[in-house]
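Undergrad: Chain residues, written in single-letter form:
Protein chains: 2
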Amino acid sequence: MKTEAFGNLVDELRKAPEVALFSHVSPDGDCIGSMLAIGLALEKLGKRVEFYNPDPVPKNLTFLSGASRIKPWREGMFLPQALLFVDCADLQRANVEDGQIPVQATCLNLDHHISNQNFGHVNAVDPEAAATGELAYDLVRRLGVRLDQGMAENLYTAILTDTGSFQYGNTTARTHQVAAELLAEGIEFIRIHHQIFDQKPLAQVRLLERALSSLELFADGKLGIMVLSIADFAASGAEDALSEGFINHVRTIEGVEAAVLLREVEAGKVKAGLRSNLWLDVNVIASRFRGGGHKRAAGCTIQASLADAKSLILAAIEEALQIGRSH
Amino acid sequence: MKTEAFGNLVDELRKAPEVALFSHVSPDGDCIGSMLAIGLALEKLGKRVEFYNPDPVPKNLTFLSGASRIKPWREGMFLPQALLFVDCADLQRANVEDGQIPVQATCLNLDHHISNQNFGHVNAVDPEAAATGELAYDLVRRLGVRLDQGMAENLYTAILTDTGSFQYGNTTARTHQVAAELLAEGIEFIRIHHQIFDQKPLAQVRLLERALSSLELFADGKLGIMVLSIADFAASGAEDALSEGFINHVRTIEGVEAAVLLREVEAGKVKAGLRSNLWLDVNVIASRFRGGGHKRAAGCTIQASLADAKSLILAAIEEALQIGRSH
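Chain order of the listed sequences is A and B. Counting in the working numbering, the first sequence runs from 435 upward without gaps. Counting in the working numbering, the second sequence runs from 435 upward without gaps.
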């Protein structure tokens, strides 16, 4: 990150008597935790702070200090001169349109997404940070505010959720350094883990049982495919979103390189999630079905029956597994 | 830990030309990783090192640098004057008997278990450490050896496995500090996570499917019970050990306070694993069946049919859930 931009951000926030914080649609632990920590710190400096998010705070994050104060911003509601966008790659992510921002306002942009559009007057963007929470930690420190339990728990939650408990590839030495300093504040991280991760609806477990029962291995065990039909979702009473993470049950089987979860979202329309472990580029596979993503995690939507979608994906991946290593 | 003991340990190792390292039966990532890191460091100092463990290195740890050199010690094999026991609460854990240790030998004891028997001539025991790996890290530093990739990966594995990826309550600020320093060495921690955690036999997934299909909730959803019969193990081709961790699928359901997994290990003999989230003392429950453990994790063996064992455990926990909170 350009340290100059970060310094400018600190200066702008120091001089602002009132700040509105915005975070992104479909909020996650990083955007909520970062926004709350910064806002609570600004209040310690005597500023008026408003917390805006277009969507409700997910149930497993409502325990966070300040979470109940987050509300959707609507035209006509209070907007001070300083607007801080947290964890948003662009304004659309905050559900705000260019024209809605007063001309005299200062747009401040704090984010870690490499795709950030630098839409602010000040753009403190650091793609090296595992979570915006790491940057929020630095910001609170630079503002000279002493961390309290509430802030520390918000920051820890931000980092915990965006790194999958320090397991994703974005985790760095710096991530652990910040976690060390947050734990040193005496936060109850066990309670946080319980709040964040241990709140699975029963329907999700029922859905997992159905997904596992559909599991088949192909290509000498290098490819695993699970399918969930509309009937599976109906019988278990689970929404589509509850299948998130199921694909890891396939990816983590010994010998598996490629994992697939096919979800029938409506008749004739199937969403495919693709993962690989060490070498297969699933982004290439997904692209063949007009989808995309990253080398190790990608997705696509296939207009076909569940059975046909499975045949198509199976053929594509079997071929890629056969030729892939010979290049 | 008494820093004096740690200093004595460093002194003894510095002056020893030959060192034999021992770790415990049913080896885990902490004992293997710690032992290997220390041994490799001692070799950098020009010492002859032997690595002894009574059991084979688990398959998912064989990738560790030096793992192929670990072998069981048998009477008559090389034993130098300096013997370092790593992660062993007592000599029995290393499958060594008092009488087998030469009278002139110096027993060095490096461990983090609170139950450590201080069986050594030097006892560097620190129950505050999340893993012996944290102490091994300090030791390597104090020996003045520059960490290399192999040592760093061994130490990271030790800490990763004993903290469940920084999720268990033993994790401290110090744990994250050490992890930060290991990541700064440029270790491929993603590959380590894959080696350690992503090697599930297919039989385990088949067994999980059966366990989930048995899941029932009781006590207004505060208690969840899963059962696995001998037939379930046979049909899925899985050994008893593969059911480890299944209970977390129950514990993490929204609203659940107590989770139970009952495994029929032979006709008329059922092993019960008990977990709780926030307040129920499952150690008390397990004690009623002559078992034990900790407040949040305990176990017992019940001589009964699977159905009878389930009734007994269900009644005991339902009662505890009802009266527990009124104390």
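Keep in mind that a hint or two might mislead.
Where chains are identical, the list cannot tell them apart; a pair therefore holds if satisfied intra-copy or between any two copies.
No more than 27 Å apart at the CA atoms, straight line, and that leaves these computed lysine-lysine pairs for DSSO-like [as the list claims (entries may be wrong)]: (1) K705 x K634; (2) K656 x K634; (3) K478 x K703; (4) K744 x K703.
FYI, nobody ran anything at the bench for these hints, they're computed from the structure.
Undergrad: Next, verify each hint and record whether it holds.
TA: Each hint tested on the structure:
Proximity of K705 to K634 under the C-alpha cut-off of 27 Å is found in both arrangements, the shortest distances being 22 Å within a copy and 26 Å between copies. With identical chains, the CA atoms of K656 and K634 are at most 27 Å apart between copies only, with a shortest distance of 13 Å across copies and 30 Å within one. Taking the closest pair of Cα atoms, K478 and K703 never come within 27 Å of each other, the shortest separation being 51 Å inside a single copy and 60 Å across copies. For the identical chains of this complex, K744 and K703 are intra-copy neighbours only, at 12 Å inside a copy versus 43 Å across copies, given an alpha-carbon limit of 27 Å.
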